[in-house]
Amino acid sequence: MDLRQFHPRPEQIEVAAHLLRYQPFIIDDNRHTGVAYTWLYSGDPTTVSTDELFFDKRTISTDVWDKAFDANRRLACMYDAIIGRLVDVCPQRGSYLDVGCNTGYFPVRASLAGIQTAVGVDTGDFAPAFQLLNEITGASARFSIAHYNSRTHALTFRDNFGPQRFDVVSSSALLCHVPDPLHFLKAIARLAAKAVFLWSGFIDTEELLIRYNPPNKFFKDEFPEGFDDGTSISLGLLFLSMSSLGFIHHQELKPAPDWLPEDWHTCKIPQYQKFRAFLFWR
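Count along the sequence shown starting at 1, add 51, and that's the number in the working numbering.
Bear in mind the hints are in silico, worked out from the structure with no lab data behind them. Watch out, some of these pointers could steer you wrong.
[As the list claims (entries may be wrong)] Cross-link-like lysine-lysine pairs, in silico, DSS-like; alpha carbons within 27 Å at most:
(1) Lys-118 - Lys-245
(2) Lys-237 - Lys-305
(3) Lys-108 - Lys-118
(4) Lys-325 - Lys-305
Working from the sequences, and respecting the hints, build out all of it.
Structure follows, in structure tokens:
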């Protein structure tokens, strides 16, 4: 998202430079953010710090700036195309929930596209980022802290925000970070009245499979929470699961030339499955 088009005030620009990191935002002519550069060029994209997701043209090489800018613009193009499809299936003045929203790229874009109730939830407190982006863009996206508990298989909201149903629910790069993927699908599907969008790594087979990597470095001593690094289910299991949950139709959102390359993830993290994007509806 290019914030320059909204003509933010100087003080808003400086706050944005402090708050925004993981998602692809252009802050001003010299600064932008986003994780796509680390996905494509870092030795181990899972070990980068938040400072490595912020790019200042005045302090880095031209080569890094150009590569990072291109990679993050490709990520933004992919996000925007996905959001456009979600808006298409959402009823006029409908409701949308993004699970694992980070700083709010998806809910803010959805709000600007006309969705009346655009909400994001995450485990971290991204309320300040939501407030800033709403002020800059004129969006009315909402944020709430929520936590998915893999032991209870429940998605719980702070401040009695939920549960409530939304027309469309999305989850990007989150299914790959839970040890109980089928329970996670059930938890988000029960919040969706019309459609569910998923972007994650999937095994390309009709067999009913779940694949795990060894426990990750953060929760390696906790069972089964440690098995949440590159969790992947097969397409056969995905389609059967979503159909069992009432979402009998699906469409794959195929990569476009201006998106990240199809092998963007597996080329750097071979144990991960290729990421694919699917929309399911009733």
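Now for the hints, and whether the structure bears them out:
The hinted pair formed by Lys-118 and Lys-245 fails the criterion: a straight-line CA distance of about 39 Å is larger than 27 Å. Taking the CA atoms of Lys-237 and Lys-305, the gap is near 25 Å; set against the 27 Å cutoff, the hint holds. Taking the CA atoms of Lys-108 and Lys-118, the gap is near 12 Å; set against the 27 Å cutoff, the hint holds. About 12 Å separates the Cα atoms of Lys-325 and Lys-305, which keeps this hinted pair within 27 Å; it holds.
When each numbered hint is compared with the structure, a violation occurs for hint 1 only.
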